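Protein chains: 2
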Amino acid sequence: MEKVFISAGKIRGLKALADENGRFKMMAIDQRGSLKRMLAKVLSKEADEVKYQDLAEFKTIIIKVLSPYSSATLVDPIYGYPNAIKYFTKGTGLLLCSEETGGEKAGKSGKEIKSSLISDWTVEKTKRTGANAVKLLIYYRGDASPDVVNHQKEIIREVGRDCRQYDLPFVLELVNYPFLPDEEKDNATFARRKPKIVKDYVEEFSRSEYGVDILKVEFPANLKFAKEYCQGEFDGVKREALYDLSEIKGFCREVTALAGVPWVILSAGVDIDEFVENVRIATKSGASGFLGGRAIWQGCADYYPDKEAMEEWLSTSGVNNFKRLHQLLQEATPYFEHKKFKGFPNFYLEKKGPDWYQQYES
Amino acid sequence: MEKVFISAGKIRGLKALADENGRFKMMAIDQRGSLKRMLAKVLSKEADEVKYQDLAEFKTIIIKVLSPYSSATLVDPIYGYPNAIKYFTKGTGLLLCSEETGGEKAGKSGKEIKSSLISDWTVEKTKRTGANAVKLLIYYRGDASPDVVNHQKEIIREVGRDCRQYDLPFVLELVNYPFLPDEEKDNATFARRKPKIVKDYVEEFSRSEYGVDILKVEFPANLKFAKEYCQGEFDGVKREALYDLSEIKGFCREVTALAGVPWVILSAGVDIDEFVENVRIATKSGASGFLGGRAIWQGCADYYPDKEAMEEWLSTSGVNNFKRLHQLLQEATPYFEHKKFKGFPNFYLEKKGPDWYQQYES
Numbered sequence: 082m083e084k085v086f087i088s089a090g091k092i093r094g095l096k097a098l099a100d101e102n103g104r105f106k107m108m109a110i111d112q113r114g115s116l117k118r119m120l121a122k123v124l125s126k127e128a129d130e131v132k133y134q135d136l137a138e139f140k141t142i143i144i145k146v147l148s149p150y151s152s153a154t155l156v157d158p159i160y161g162y163p164n165a166i167k168y169f170t171k172g173t174g175l176l177l178c179s180e181e182t183g184g185e186k187a188g189k190s191g192k193e194i195k196s197s198l199i200s201d202w203t204v205e206k207t208k209r210t211g212a213n214a215v216k217l218l219i220y221y222r223g224d225a226s227p228d229v230v231n232h233q234k235e236i237i238r239e240v241g242r243d244c245r246q247y248d249l250p251f252v253l254e255l256v257n258y259p260f261l262p263d264e265e266k267d268n269a270t271f272a273r274r275k276p277k278i279v280k281d282y283v284e285e286f287s288r289s290e291y292g293v294d295i296l297k298v299e300f301p302a303n304l305k306f307a308k309e310y311c312q313g314e315f316d317g318v319k320r321e322a323l324y325d326l327s328e329i330k331g332f333c334r335e336v337t338a339l340a341g342v343p344w345v346i347l348s349a350g351v352d353i354d355e356f357v358e359n360v361r362i363a364t365k366s367g368a369s370g371f372l373g374g375r376a377i378w379q380g381c382a383d384y385y386p387d388k389e390a391m392e393e394w395l396s397t398s399g400v401n402n403f404k405r406l407h408q409l410l411q412e413a414t415p416y417f418e419h420k421k422f423k424g425f426p427n428f429y430l431e432k433k434g435p436d437w438y439q440q441y442e443s
Numbered sequence: 082m083e084k085v086f087i088s089a090g091k092i093r094g095l096k097a098l099a100d101e102n103g104r105f106k107m108m109a110i111d112q113r114g115s116l117k118r119m120l121a122k123v124l125s126k127e128a129d130e131v132k133y134q135d136l137a138e139f140k141t142i143i144i145k146v147l148s149p150y151s152s153a154t155l156v157d158p159i160y161g162y163p164n165a166i167k168y169f170t171k172g173t174g175l176l177l178c179s180e181e182t183g184g185e186k187a188g189k190s191g192k193e194i195k196s197s198l199i200s201d202w203t204v205e206k207t208k209r210t211g212a213n214a215v216k217l218l219i220y221y222r223g224d225a226s227p228d229v230v231n232h233q234k235e236i237i238r239e240v241g242r243d244c245r246q247y248d249l250p251f252v253l254e255l256v257n258y259p260f261l262p263d264e265e266k267d268n269a270t271f272a273r274r275k276p277k278i279v280k281d282y283v284e285e286f287s288r289s290e291y292g293v294d295i296l297k298v299e300f301p302a303n304l305k306f307a308k309e310y311c312q313g314e315f316d317g318v319k320r321e322a323l324y325d326l327s328e329i330k331g332f333c334r335e336v337t338a339l340a341g342v343p344w345v346i347l348s349a350g351v352d353i354d355e356f357v358e359n360v361r362i363a364t365k366s367g368a369s370g371f372l373g374g375r376a377i378w379q380g381c382a383d384y385y386p387d388k389e390a391m392e393e394w395l396s397t398s399g400v401n402n403f404k405r406l407h408q409l410l411q412e413a414t415p416y417f418e419h420k421k422f423k424g425f426p427n428f429y430l431e432k433k434g435p436d437w438y439q440q441y442e443s
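Chains as they are written, first to last, in this note's numbering: chain A, 82 to 443; chain B, 82 to 443.
These are computed hints drawn from the structure, not numbers from a lab.
Hints are supplied without guarantee of correctness; some may be wrong.
Claimed, not checked - Listed below are the simulated DSBU-like cross-link pairs for lysine-lysine, each with C-alpha atoms no more than 30 Å apart in a straight line:
1. Lys-84(B) x Lys-186(B)
2. Lys-421(A) x Lys-145(B)
3. Lys-433(B) x Lys-145(A)
4. Lys-189(B) x Lys-423(A)
5. Lys-266(B) x Lys-189(B)
6. Lys-432(A) x Lys-266(B)
Said to hold, decoys possible - Label-pair distances were calculated between CB atoms; the ranges are:
7. Val-123(A) x Gln-411(B): 53 to 61 Å
8. Gly-114(A) x Arg-334(B): 48 to 56 Å
9. Ser-398(B) x Gly-114(A): 51 to 59 Å
10. Ser-398(B) x Glu-290(A): 48 to 56 Å
11. Lys-132(B) x Glu-284(A): 53 to 61 Å
12. Thr-270(A) x Val-85(B): 55 to 63 Å
13. Glu-328(A) x Ser-398(B): 51 to 59 Å
14. Asp-354(A) x Phe-425(B): 50 to 58 Å
15. Asp-281(B) x Glu-83(A): 52 to 60 Å
16. Val-85(B) x Glu-83(A): 45 to 53 Å
These figures come from a predicted structure and were not determined experimentally.
We put the CB at the ideal spot given by N, CA and C, even for glycine.
One chain only, chain A, in its complex shape (with noise of 0.2 Å):
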């Protein structure tokens, strides 16, 4: 059998990710800019009047309620670690975000979209935080304007690069969006080429040349448009039928065999019975567990000011949406099996050796 080889930063850290059976139960509350709009609606304002405080008060209330039930939370440096800091438990993982949040609009279109990273933060701070792994959420379509994929590729290459340097491992989150004339968020067209566009970033982020360790990736499919789920059953909505559950789970299944490293799903602002849909289908296909954020704590969303109504619906319904999805991991991939690692036995510490302490990059 093949040898791996692994770095003891990064072996360290992906403990500190997953759970005692390394499986990823994770949580993200790193939401800055659709949590102004959030915020903003809840308060009646503009989002541009959404103040830090609030975000930050936010933040806190949700770190310290939920993250204990999380085997890693990710969060933002700005508004959610200096806040909620305190409330981080012996155990529990830290993910900080690198990328600024949104991102300027570019092509012909003018609907794709160029990321860039936080100014004044670096991988390097968020290794000196003591947190255990970045992350890194880039819009990605492969099938956008040269100039942008570069781009993109670009920052996931650099920030590859540091996360080696700094020997933390690299969380890489994908999310497509629709930019060509015939496609909408939520129409059809969008949702048939769905499965496609995922395989391909996963293909494409596997390759070693970009340092990731764990992919964070979309539902290969949108389920609202599954046979089994098109009548309306997550939000009221009908919609055709593309494609059903068997072929949903052979998109997951070809997702596995294309992601070179442990893959987990994101929820990307579903409500939590379509992402624990999401999250039973893509354990049983291979992934490793979930990174999953508005789908498990929104709904505390409506109490906002009230502190005390948001720690009672957190407390209650959020414990019970990560109840919910704690079920489900028992058939997920433990990263330690998956394909690149076969099992504990089967890799190995990088220079491991008499002299590792010295070979040892600083």
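Put chain B on the given structure of chain A with help from the hints.
Chain B only, in chain A's frame:
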């Protein structure tokens, strides 16, 4: 109440070292010189004939079986960590030692000790591996020659500075030694001086210029010379009574009063029964737990190189030793209740605010 400011990496590191309740149940397996001598005896060899592989295997087995019972495990980056890295479970904190084993004989008597750091190893490397703290062992007598004292202090300051730079907790271990003409390792004169020696170094290294986060100190008396234990209770050797338990508790309380940071008790090769008494008295008197080594695991050495027998001893007697210590920890002072912090509500992230992520240094 006076506010206490703490950096992100230090608070995250402290959480990783303590258990969920803020108490330190730490195991040390970073021995090198003393372990070579221990294995040499078992293998009927000279210490310098003991091989790299012997130390590596011996440490790996202990870490595999016992580290899950510790809140954190201290290991060396030469023999231990590169070999045992896979066996660190999620939630087991990691400390790496930074000092060269032993030391250089110094002073007029030739019995004083100058320490040095492991060459080709740094705090930066320690941080990069994903460790949660740096541990530095310094042999120390405040009444040694000025050049020896200054040398030792300078190393401590250097490591303290580096730990601030890389934002990693600094655990300073202090071990005294006999060097005056009337002192011997096991004589009454040395035992009588021990309380003052320990209190003096605790006071000295609590000064903020050293940047210490946790003091790992000796029990401030020799229990074998306690009125209640001087009839050979621990080793069959009768000794004179120098102090009684009530005085010894007083010494521990004085250590607590002098310690500017949380302190833990080290085991220094005493057997488990004596260490249990040390931990019982210290934790009732303000210590935040223990960082114990040989007292917990040394019984397995008799079986080396029979790894199966070693594992059997560790999984039964070794685990039992750990559990005896765990039971005592209820009375230990959680680090966050130490007078430095006085509870979480009283301590604040350094430079907290909307621009924290910009101000935080890289």
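**Prompt:** Between Ser-398(B) and Gly-114(A), is the Cβ distance one that fits in 51 to 59 Å?
**Reply:** holds, 58 Å
**Pair hint outcome, Lys-266(B) versus Lys-189(B) [Cα-Cα no greater than 30 Å]** = Measuring from Cα to Cα gives roughly 18 Å; hence the hint holds.
**Prompt:** CB of Val-123(A) to CB of Gln-411(B), is that within 53 to 61 Å?
**Reply:** Once the Cβ atoms are compared, 44 Å apart, the range 53 to 61 Å for Gln-411(B) and Val-123(A) is violated.
**Prompt:** Taken at face value, is the distance from the CA of Lys-145(B) to the CA of Lys-421(A) at most 30 Å?
**Reply:** holds, 24 Å
**Message:** I want to verify a distance hint. Is the separation of the beta carbons of Asp-354(A) and Phe-425(B) within 50 to 58 Å?
**Reply:** violated, 37 Å
**Prompt:** Going straight from one Cα to the other, do Lys-189(B) and Lys-423(A) come out at no more than 30 Å?
**Reply:** violated, 59 Å
**Asked** Is the distance from the Cβ of Val-85(B) to the Cβ of Glu-83(A) consistent with 45 to 53 Å?
**Response** holds, 51 Å
**Prompt:** Is it true that Lys-132(B) and Glu-284(A) lie within 53 to 61 Å of each other by Cβ?
**Reply:** Violated, since Lys-132(B) and Glu-284(A) (Cβ atoms, about 47 Å apart) do not stay within the stated range.
**Asked** Between Glu-328(A) and Ser-398(B), is the Cβ distance one that fits in 51 to 59 Å?
**Response** holds, 57 Å
**Request:** Starting from the hint 48 to 56 Å, judge whether the C-beta atoms of Gly-114(A) and Arg-334(B) obey it.
**Result:** holds, 55 Å
**Prompt:** Does the Cβ distance between Ser-398(B) and Glu-290(A) fall inside 48 to 56 Å?
**Reply:** Since Ser-398(B) and Glu-290(A) have Cβ atoms about 51 Å apart, the given range 48 to 56 Å holds.
**Prompt:** Taking the CB of Thr-270(A) and the CB of Val-85(B), does the distance hold inside 55 to 63 Å?
**Reply:** Distance hint for Thr-270(A), Val-85(B) holds at roughly 58 Å.
Of the hints listed earlier, those the structure fails to meet are numbers 1, 4, 6, 7, 11, 14, in rising order.
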